[in-house]
Structures are given as C-alpha cells and as structure tokens.
Amino acid sequence: MTSLLSTEKTGSQVEESHPPGGFYRWITSVDHKVIGKNYMYTALTFMFIAGAMALLIRTQLFNPNGHVVGQQTYNELFTIHGSMMLYLFAGPFAFGGFANYIVPLQIGAPDMAFPRLNNLSYWLFLTGGSTMLLGFFTASGAAAFGWVAYAPLSSNPYSPGPGPDLWIVSIALVGFSGIFTGVNLVTTIFYLRAPGLTMFRMPLFTWSMLVTGILILVAFPVLTAALVMLYADRHFGAHFFSVQGGGVPVMWQNLFWFFGHPEVYILALPFFGIISEVVPVFARKPIFGYRGMVFATLAIAGLSTGVWAHHMFTTGTVLLPFFSALSLLIAVPTGIKVFTWIATIWGGQIRFGVPMLFAMGFIPAFVMGGITGVMLASPPIDFYTHDTYFVVAHFHQVLIATTIFAGFAGIYYWYPKITGRMLSERIGRWNFWITYLGFWVTFMPQYLLGLRGMPRRIAVYSATDGFTFLNRVSTVGAYVMAIGMALFLVNVVRSWRRPVAAEDNPWDGATLEWATSSPPPTHNFHSLPPIRSARPVWDANHPEHSDAAPVIAGGDESAH
Amino acid sequence: MRTESRIYLGVGSFFLLILIVYFLWSKESTGSVLLLASAGLGILPGLYMGWWSRRMRPRLEDVEVVEPLDISGVVGTFPENTIFPFTLGIGAWLTGLAFVFGVWFAVIGMGFVLGAAVAATVESKRASLAEPANRPAPGGDGRLRDR
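From first to last, the protein sequence lines stand for chains A and B.
Numbers 1 to 560, taken from the numbering used here, label the letters of the first sequence in order.
Numbers 1001 to 1147, taken from the numbering used here, label the letters of the second sequence in order.
Hint data in this document are derived by calculation from the structure and do not stem from the laboratory.
Every residue, glycine too, gets a C-beta built ideally from N, C-alpha and C.
Treat the hints with care, as some may be off.
Facing chain B, a subset of chain A residues (Cβ under 7 Å, in silico) [what the hints assert, rightly or not]:
(1) I27
(2) R116
(3) N119
(4) L120
(5) W123
(6) D165
(7) F190
(8) G196
(9) T198
(10) M199
(11) N254
(12) G302
(13) G306
Covered by chain B, per the in silico footprint, the following chain A stretches (three or more residues, Cβ under 8 Å) [what the hints assert, rightly or not]:
(14) 28-41
(15) 125-139
(16) 212-223
(17) 319-331
Starting from the given sequences, assemble the full structure and let the hints guide the process.
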C-alpha cells in the first residue's frame, strides 16, 4: 500500500475549520457520499409514494366499473405515478444516488469534480420533485395527461389550471439537475481517475455511468427545450404544437421521444453496470469479455438515440423500416450483455448471497421484458398492440427488472460500504422471493389483457369485456409485490436498530471501493493499492491469482 | 485522453452516419436537426480532446504502470460545507414557481440566485487563495505568484 492522499491542512485552514453538525451539515455538505445518500433516501421515498399510487390504480381495476377513485383522479394518479417513477425515482436513484456515492470510490477520487454543483443538483431534484406533488393540492388537480404529456392534450384548452404547469416546472428543474449531474459524472470519470486506472481498467459500473452521463447530455436538453415550447403554447399564444396556428402536434412526440427513448437507457445502463459488478464477485470469476461489455454499452447508447420514433409507429408519419431496423439492432448489444453475465456465472464458484439472488432474478425478468420489446419493434405487431396493456406489461417488466431487481442487488451489495452495517440475509431472501413472485403474477396477465384488447389508461371496464379475472390476478400480484417491498424497509429498520458491523470488504470485492473503510472517511481513501489491472483489490488480496500487469524495471515506457 | 477522445468521436460519428441515412430517406426535419445537434455534441469535444492528446504527455491515469504516490497532494482546500448551493437551489425553485403562481416569486427567487452566485464566487476565490501555491508572495505587491 502506498500513500495517495494527504488530508492534512495548512495552519490557517485548521484554524478556520469548524465542521458543522446535524441538520446544517446535511444541508451544506458537498461530500459526494452525503449527497449520494440524500439522493437515495429521496428517490426511494418518491418510489414508495408512486408505488402507493400504483396500488390505488390496481385496486380501482380489481372490479369492473370500479369506483375507488373518480376518472379524473385516476388520470392524475397514473400520470404522477409514471412521472415519479421515471423522472424522480429510476433516474435520480441511479445517476444521483449510486453513481454519486460509488463512482468516485471506484476510480479512487476524493470527491466529484464539481462538489458544489453536485449539491445544487440535489436541491433542484428535491424541490423539483416536490413541486410535481403540489399539483394534488390545487383546485384543478395534478397533471392528468400521462408521463409523456402528448400535445394537444397537454395544451391549455384540454389541460387548464396550475397542475400541468407545476408538472412542467417540476420536470424542467429535475432536468437541469440531471444535466448538471451528467456534466459532473463525465468530468469526474475523465479527469479524476487514480494513477494507473486507465479507461480500460475502469469497473463496468463506472463505464455504465460514463455512458449514461453522455446520454443525459444528449437527451435532457431536448426535453427542456420541448417543455419551454409547451409552456409557450399554453401561456404565450405560441403555436408549436397546435394545428390552428400552423403548428405540428406530432413534433411534440418527436421531441419528447428523442429524449424519452435514450431516457429508457439512462435508466437501464446504470443497473446493467450494477449487475456487471455483482455477478463476477458472487461467481468468483472475472467478468467474461470486459471489452465486449464496454463496446456493447457504447453501442446501446448510440443506437438508443436513433430509435425514438418506434414509439410513434401508429402516427403514420414515421419512417417505419428505419426505426424498426435500428430498434431490432439494439437486441444485439443487449444480448451480448446477457450472454456475458451468463458466461461469467458459468463454471463459477457461485455464492447465493442476497445481491446475487436479485441479480439472478433480474436476468430472466429483463429478458422477458426485452423480448416483448423486440416484438414491439415490428410495426405489424405494434399496430395491433399499441396503447394496450401488452405495452404496459412490456415496459413495466423492463423497468422493474432493472430499477427494482438490479437496484436491490446494488443496495444489498453496497449497503455495507455505505453504512458500515450488514442487512439481514434472511429478511433479504424473503424480500427477494415475495417481490419476485408478485412481479410475475402482476405483469404476465397484463400481456394477455393487452392481446385481448384492453386499452391502457382506462379507469373502468365492463363486466362483459372478459377482463375481470386477469385484472384481479394482476391486482393480487401488485399487493404481493408491495409486501415484498415493505420487507426491505423492515430490513433497513432492523439494521438501524440492531446493527451488525460490516467488514471493509465483506463480499471479497475486486474494485477500489472495497479498498477503503466501511463507511469511507472524508475524501474516501487514506491509501490506495497499486492499480495494475481492472481488479486492483483482488490483486492485492489474492496475489497468487493476480492478473496485474508486470512492473517494468525503470518505469513504464508509455509514460515518456 | 486518447480513449476519451475516441469515445466522443465514435458516438458523434455514429450520429452523423444515421443523420445522413435518416435525412436522405425521410426528409423529416425535427429528428434530423436533433441528430445533427447530437453529432456536433459528440464530434466537437472529441476533436478538442484529440487535439490536446497529441500535444501533451500521457496523464498518470492513462499510464499502465505508475505509483499512486506520483499524484500525492493536499485535498480539501475547498469548503466541505457551504450554504450557497442550497440557497441557489431554493432561488431557482422559487423562480420556477413564478411560471405558475406569478412573477413576484421570480423577484424573490432571482434575489436568492444572484446573492448565492456572488457569494459562491467570493467563497471560491477565498478558498483558492488559501491554497499554498496561490498565496500572494510575502512582501510582494499582493499579486498571485506566477505558477
């Protein structure tokens, strides 16, 4: 071990240094670990609120002609449920929470490149996210046009009142927060890596976050611009999206989905990165095909920006063969990833810890959602199933597989590092199995409902439609899932009240975050191991199986 | 820097390729403009980094075998706690609410934003001067030392 960072300060600084405590410290800290944890707490809170809305939606659909909530309230519920899950939970949880906390540790950096910008990002996220919920307290109610806000439904004549405006402001603030985080991530990964940590030695989670950061910079500004245009249409008499003034409503869809489809991968790639960290550690093998995984990640990012209009096949205004072909192509790099994970597990000495259980559960769940995505990339199938529950089931399976199953794999994997405490394995297993069972019971019937013609976003259906039984199964599944999710809270509370201390490297991890204490000190590291491969901690702990580059006497030639 | 440059150039070139195919095939303007902007977003920083990577020695993080000691130094000279991002965030939020509840919100919000921006700049300058390398030379004219 060699000393990397000295945290000693000069005399004048020591005199000036009065670290605040408690609430003021929480508000003012620019430490990436504090901000990362804030992101995680906030995003998980939004997730549980949006999950409660999902239960209300499913309860409404349990019986034909359900009257748990009114039709307007139902529209508000599915709008805010979708908006919170996508804008306020899935993305910020990954690139605000995990990335903030883990990336600087994995690259051996003392903090993010722009710590104060990082803090500002969090406050924009928190205030923006809360603003969305304020809509429920206005006389006209919250936004009720779906998370995609299609024009002209989202224009003033059809969606009047402050609720939709609050939604627009909320998404704009959260969008700026995302852009700032993207800038911060890319800069940190490009310029703050530890010496010897070349790009092709970076952990795959860090690679995923780098590519996610670039995608954020491509996608989010487009959404912000579209929101400005929508607001101008609503209040300044502009006609970007209204036919009366010579505008084009479909332009909103083009702009939105140019953001929206990369957004799907902004949500998914970080969680792919988590699986790529968990699987090799628990299979006790290096990842199979490191470079293949890196290039697959880059290929997914590139292709994701060229497929936006596959959400618009039924508008009749898009180039079907172009978007269909590119959408089908995405299956290739995604398939590379899935086969790489399987090949890594193959022949490994597998430990079925809770993180590995969630990772193993993720693979079939994601493949099921992905395969139906390939089906939907084919225009004839899309024409038949567009705006039905088939699509609802497809994207819920993709998103829950990534954000929940891969997300929980990450939580259980890094919880000891973040808190210095272990979560209960026993409760964790129940957490996994009950959530997993509920997941399949909830969404498989929705494919059948879609094929039988049940449209999405309807508050009631008739008893004669033949949808009743499958809807009831789906609702029961949703409640089972909720019980599984509640067990996670039980586990966290238990670890808080009866702490079990975690070692610095409880899983025998291979990447740099496991080279520091649990939880890490201010500025992360007192010392770093030499970095001569993609698995520096493994090299230090298992020199007999090390794959480190040999040291050349007289120094490295490439340095001169 | 070379790998970083190639990533940006690769992504930008791919966008350029699909822009050409898409525009010639569809003649659709919204998507073409967005693809053009995305291609520029990739190619510009890619060229900039590539230009520099040919004119500088490899950074330590790009060298295969190196000792961590080589970049040892003092960290944490910038403030670990500061109220100004929070103030700026609240100001931006209030300014955002002005678009819903009336322009008087913006008056308060912009006050917060401007105040926080000025204060954060002053804070940066003070923190920068606290770094040994940036301290004015003793007995000098108060200017920063030439680095």
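A quick look at each hint next to the structure:
Interface restraint check: I27(A) against chain B, minimum CB-CB distance 5 Å, threshold 7 Å, status holds. The criterion of a C-beta within 7 Å of any C-beta in chain B is met by R116(A), whose closest approach is roughly 5 Å, and the hint holds. Interface restraint check: N119(A) against chain B, minimum CB-CB distance 4 Å, threshold 7 Å, status holds. Given hint, L120(A) at the interface with chain B, holds; its Cβ is 4 Å from that chain's nearest Cβ, closer than 7 Å.
With a cut of 7 Å, the hint placing W123(A) at the interface with chain B holds, because the nearest CB-to-CB distance is about 3 Å. Because the beta carbon of D165(A) sits about 4 Å from the nearest beta carbon in chain B, less than 7 Å, this interface hint is met. The beta carbon of F190(A) is positioned within 7 Å of a beta carbon in chain B (closest approach about 5 Å), and the interface hint is therefore held. Interface hint at G196(A): satisfied, since its Cβ lies 5 Å from the closest Cβ of chain B, which is below the 7 Å cut-off.
For the restraint placing T198(A) at the interface with chain B, the shortest Cβ-Cβ distance is roughly 6 Å, inside the 7 Å limit, so the hint holds. Here the hint on M199(A) is kept, as its CB sits about 4 Å from the closest CB of chain B, short of 7 Å. Hint on N254(A) holds. Least Cβ distance to chain B is approximately 4 Å, under the 7 Å limit. This hint holds: G302(A) has a C-beta 4 Å from the nearest C-beta of chain B, less than the 7 Å allowed.
For G306(A), the suggested interface contact is upheld, since its CB lies about 4 Å from the closest CB of chain B, less than 7 Å. Evaluation of the coverage hint for the stretch 28-41 of chain A: fulfilled, as 4 residues show C-beta separations to chain B shorter than 8 Å, against a requirement of three. Counting residues of the stretch 125-139 of chain A whose beta carbon lies closer than 8 Å to any beta carbon of chain B gives 4, which meets the minimum of three for the stated coverage. Look at the stretch 212-223 of chain A against chain B: 4 of its residues bring a Cβ nearer than 8 Å to a Cβ of that chain, three or more, so the hint holds.
Residues of the stretch 319-331 of chain A lying with their CB closer than 8 Å to a CB of chain B number 3, which satisfies the three-residue condition for coverage.
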